[in-house]
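Dock chain S against the given chain H, drawing on the hints supplied.
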Amino acid sequence: MTYFLQNVVNALQWGSFYALIALGYSMVYSILMLFNFAHGDIFMVGAYIGFGVATLLVALSAGGAVVLPGWLILVLTLLISMFLTALLGMLVERVGYRPLRDAPRASAAITGLMIGIILETGNLWLVGARRVSFPSLIPTATYDLGGVILTNKKIMIVLVALAFMLALHFFVRRSKWGMAMRAMAVDYVVVPLMGVSINAVARLTFAIGSALAAVAGILFSIAYPVLDPYMGIVFGWKAFVAAILGGRGSIMGAALAGFLLGFIEIFVAMAFPSTLRDLIAYSIIMIILVFRPHGFFGEPYSTKLRL
Amino acid sequence: MMLEIDNLHVSYGKIRALHGVSLTVDAGEIVCVIGANGAGKSTMLRAVSRLVPAEKGGTMRFAGRNLLEYPPEKVVSQLGVSHVPEGRRLFGNLTVRENLLLAAFARRDHEAVARDLKRVYAIFPRLEERAGQKAGTLSGGEQQMLAIGRAFVSGRRLMLLDEPSMGLAPLLMMNVFAALTEINRSEGTAILLVEQNARLALQFASRGYVLENGHIVLSGDSRSLLHDENVQKAYLGG
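Protein sequences, first through last, are from chains H and S. Start counting the first sequence at 1; every next residue gets the next number (this note's numbering). Start counting the second sequence at 1001; every next residue gets the next number (this note's numbering).
Errors might be hidden in some of the hints.
Unchecked claim - Distance condition first, Cα-Cα at most 27 Å in a straight line; then the derived DSS-like pairs of lysine-lysine:
id	chain 1	residue 1	chain 2	residue 2
1	S	1056	S	1014
2	H	176	S	1134
3	H	176	S	1118
4	S	1074	S	1056
5	S	1056	H	176
6	S	1074	S	1118
7	S	1118	S	1134
The set of hints was computed from the structure by calculation and includes no laboratory data.
Isolated chain S, as found in the complex:
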């Protein structure tokens, strides 16, 4: 297993957001976590990125390393785990190109970075057209492309994606997911996706977990989850 989370607890002050979550992602695999707003999906990704501290007792390992020993910037630069945060969180005052270059901040392989930038522009030609433009002026779809582009440049053994479909029109959403599929196939990037759009997520991923109030209540391969009666009732609109 590439990512192994076992018995993860996370609290914000006195409020516990995750109650002993366990989850795995294999190399090159696409896994989704579905659940309602506030179920703890984003918190789980933030814990993997080390943006929020995990409580004692649980373990998180990535490629055999103890994730809990890494500060957030090293999770990215040394382990190759990138995180596309909820709401994209681009640096609106930097240009598109600068956003991508910043994502390569810790990298020393400058030629490979230049190649990666070209790859990003090949996957998302719109970004190349707007390379010199401030990221704050991009449309929603372009912003999501740039957020994924940044992740591609910063680290791509595993990408953590937080609600990439949010606020996108259906056609754009399809484009974004097609690009993600391509990255997964060509680079072997594993993807851990959290989504409120359960149908989309389960069609895209091979396996899924259902998170409710900080507990994993169900898991399995996507097909069986899509046909699960409870999942259909709660997340697929009947």
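Excised from the complex, chain H in its bound form:
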């Protein structure tokens, strides 16, 4: 029983990363009808930006220039990295995808892969091939609840991830920009007739998705502090699966599917040899998709998109 609960805790943390990345995938997909295959690499860049910002702040603090407590460095790292990664996302949208808005979808997919390669290679060039270690910003506290081991970091990761998901949910449900995003997901051709700029909504969508990927990158770095330039690839693919599994246009769906993926992977690894983990985990997801091809909350949609 404790073993089971321990794995639930681990799955919640693991799923938090998938869920946060899946949100960006899902938003871009539902609003612009394209998969941003560079999204996993944006997660990676977010983690590296976080590494850079945190390292800089730690150095400043150690040098005595400005003495900041660890938690404040963490908060600042998170906010600054979100901002910078959002700018990167907007650049990707502007340069990579906007010119292809009416192009065949395959062109956008290839562009996404290319952007991913540029980000990976650019990172190698800038940082070098060595792996880097994310500085430890807060001391780890461990709690033993009847055999289930919790750490303050695990709790924080899950809570921060959930808080951002809720914030996004309310933003999309309640705000005027969220309304424009929901409108664009069903019929982007008539959105300009409401006086709304499609480009502005697209830009915002990429900015938010990228900022959330940065959150995922930093939370991941706190749990697993070793970064490498290819860390985004596998995460990107898995979050892509979560976005599909959640259903087009469903934020809740993408988040839930992200957690579900975390649970399936962790529990498959509990029962089977870990080398088979992905094979078995994704077979289960394939079977789910056979019965729910539009995901949990997606509706079968028609492509009534041109005026």
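Relative to chain H, chain S alone:
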């Protein structure tokens, strides 16, 4: 003249849909364009809204401004030209109220927006009853009311209406056109209407144009068009 279109050409790929169309709408005026399916009526409205690009050589001016310099969202938000597209194209996943609020997206005059919403609900009480309902659940007539309501909120110096009678029962159609007449009178909104239902359009508008295969072949005041032999034969069922 409020809207002046001169020598407008529009093509979709290699197929030319409009061959040098010229047309004007005066402030507060109701003008209709009649023509068969595929004559280019919708294309003309889309060109005015800047949803489709006009070819070089033609001009489009609205209230003295060069329309060709405006992106579609600014035609609405800065010039006050709204467009009710063919088939209504509501956002079915948003509520009735959200559809109206989205139409006010670019507006900063929040009190005036609130007043406009009240006006829309006064003109179409059904919409107020269904304010919290998803637009996708509305009946055809209610959808057309909401589409016009959105246009009312987004901009009403000129409304472009694409087949508002389509799919409506005669009584509902009359309601919709009565509401449009009221908007025209009370707000001074000019209306450019394209319709396959030529009789209805010519009764509603003061002037009309006949569009055939991308050419304006005839124009004049509605009464003379209603009595024109060719118009009667081609569009009024003899």
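How the hints compare with the structure:
Restraint check for residue 1056/S and residue 1014/S: the C-alpha separation of about 15 Å stays at or below 27 Å, so the hint holds. The hinted pair formed by residue 176/H and residue 1134/S meets the criterion: a straight-line CA distance of about 17 Å does not exceed 27 Å. This hinted pair checks out: residue 176/H and residue 1118/S have alpha carbons roughly 19 Å apart, not beyond 27 Å. Simply put, residue 1074/S and residue 1056/S have alpha-carbon atoms about 21 Å apart, close enough for the 27 Å limit, and the pair holds.
For the suggested pair residue 1056/S and residue 176/H, the alpha carbons sit about 37 Å apart, so the restraint of at most 27 Å is broken. Distance check on the hinted pair: residue 1074/S and residue 1118/S sit about 24 Å apart at the alpha-carbon level, within 27 Å; holds. Among the hinted pairs, residue 1118/S with residue 1134/S is consistent with the structure: their alpha-carbon atoms are about 19 Å apart, no more than 27 Å.
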